[in-house]
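Letter by letter, the chains look like this.
2 protein chains.
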Amino acid sequence: MIGLIRVLTTTNEEVLEQHGSMITSLYGVPVISKCIPDQPLGIFNEETEELAIPKIVALGQALEAEGCKLLIISCAADPAIKQLRANVSIPVIGAGSAASHMALSIGKKVGVMGITEDVPIAMKQLLGDLLVTSIRPEGVTNTTDLMTPAGRDKAIEAARSLMEQGTEVIVFACTGFSTISLADVLRKELNVLVIDAVEAQGLFASTFYKQLNSGQTVG
Amino acid sequence: MIGLIRVLTTTNEEVLEQHGSMITSLYGVPVISKCIPDQPLGIFNEETEELAIPKIVALGQALEAEGCKLLIISCAADPAIKQLRANVSIPVIGAGSAASHMALSIGKKVGVMGITEDVPIAMKQLLGDLLVTSIRPEGVTNTTDLMTPAGRDKAIEAARSLMEQGTEVIVFACTGFSTISLADVLRKELNVLVIDAVEAQGLFASTFYKQLNSGQTVG
Chain A
1 MIGLIRVLTT TNEEVLEQHG SMITSLYGVP VISKCIPDQP LGIFNEETEE
51 LAIPKIVALG QALEAEGCKL LIISCAADPA IKQLRANVSI PVIGAGSAAS
101 HMALSIGKKV GVMGITEDVP IAMKQLLGDL LVTSIRPEGV TNTTDLMTPA
151 GRDKAIEAAR SLMEQGTEVI VFACTGFSTI SLADVLRKEL NVLVIDAVEA
201 QGLFASTFYK QLNSGQTVG
Chain B
1 MIGLIRVLTT TNEEVLEQHG SMITSLYGVP VISKCIPDQP LGIFNEETEE
51 LAIPKIVALG QALEAEGCKL LIISCAADPA IKQLRANVSI PVIGAGSAAS
101 HMALSIGKKV GVMGITEDVP IAMKQLLGDL LVTSIRPEGV TNTTDLMTPA
151 GRDKAIEAAR SLMEQGTEVI VFACTGFSTI SLADVLRKEL NVLVIDAVEA
201 QGLFASTFYK QLNSGQTVG
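Chains A and B, in that order, are what the protein sequence lines are.
So the first sequence is numbered by full-length UniProt numbering: it starts at 1 and just counts up by one.
So the second sequence is numbered by full-length UniProt numbering: it starts at 1 and just counts up by one.
The set of hints was computed from the structure by calculation and includes no laboratory data.
A hint or two may mislead.
Copies of one chain are not kept apart here, so a pair can be met inside one copy or by any two copies together.
[Unchecked claim] In silico lysine-lysine, BS3-like type, Cα no more than 27 Å apart, as pairs:
1. K109 x K55
2. K188 x K34
3. K108 x K69
4. K55 x K188
5. K210 x K188
6. K108 x K55
7. K109 x K69
8. K69 x K188
9. K154 x K55
10. K55 x K82
11. K108 x K34
12. K210 x K109
13. K34 x K154
14. K55 x K69
15. K55 x K34
16. K69 x K154
17. K82 x K124
18. K124 x K154
19. K82 x K188
20. K109 x K124
21. K124 x K108
Treat the numbers as computed from the prediction; the structure is a model and nothing was measured.
Bound conformation, chain A alone (with noise of 0.2 Å):
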């Protein structure tokens, strides 16, 4: 089993199994998602992602006594990655991370698109100078923003804008964007590549999960 950490709090369980069932839909894998308690509106600052640190530490060592084989930080900011890595002795995987590394595979020019002013710092330091360009469709601040036609127009404009910059590989800053499909939208209609993180994290995720679990091939 994968563990999946969500870093925000919801008793919802479809939104809880979001990322999850996407990565076992795409990659066929198992998944459980739990979510850190005590923090519906997730992390949005320093402040409440110093707060949500130390939960993410205890839900990833309690996804590993579970016996979760592998771990995810199913957010663009990889929070609590270095220290949830010093306390567990299974492979942990952030979304900001995975997506970067795949970005560097290529060597193309990346543009990120988020759903905050900034890019997240543990993707502006992986992506070093392949990183030429960021933006935030108008008008939007959260996801649900997202999901109006008129925010979808807003992320085709934004993903234009990156592009004609000399954006040559689009990357998310955010997992809210996997879970209206905006990739698959933005490929279809500008035929540009987007690194979406949670197929990304995903993708490595299942690779090693799958060797891990049966001593068998994939990289």
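Once you have looked at the hints, place chain B on chain A.
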């Protein structure tokens, strides 16, 4: 079509196709393999690498002109990767950087196994502090040495030594290990995570190729 560049000269079709066939069989994508001219011994020092660079660039440009949508430089030293990326418009993946990015995605301590004394510079730079140790199986200077029962035992012994020195994931710095399926041997014998350079480049290449070819899902 994915264009795969072998950085040695061979007229043996089976040798030429080794890496491409493996990628097609693992990931279901079409690969055309071509080799550089006049270097039957491949790249084995700085001089032969310098000699190969313009040949790799010319071959990559020819493959792009033939309609390839993505290129692979199938060598752990990533020879000419920078130069080729600067001279074609399609994505270029190298075996060494692909294997390194796979390792970086889980943040586990890396031990590199190769057939030379040193870790290729491209891999060393990417892995940074994660690289804890490296080894060449005793008495092994080319991959045919590994194809005997004694060679296989030396490889297992080398892997064991890497693990005793703190290695959590073994990364191959030689694509020749792929053609003898050494990764599966080590996974089964030692229950250790192994990143095979041909599997890794194939994973990235197939993921992006599927996107370039259809505008559909995948990382």
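*Going through the earlier hints one by one, which of them does the structure break, listed in rising order?*
2, 4, 9, 13, 16, 19
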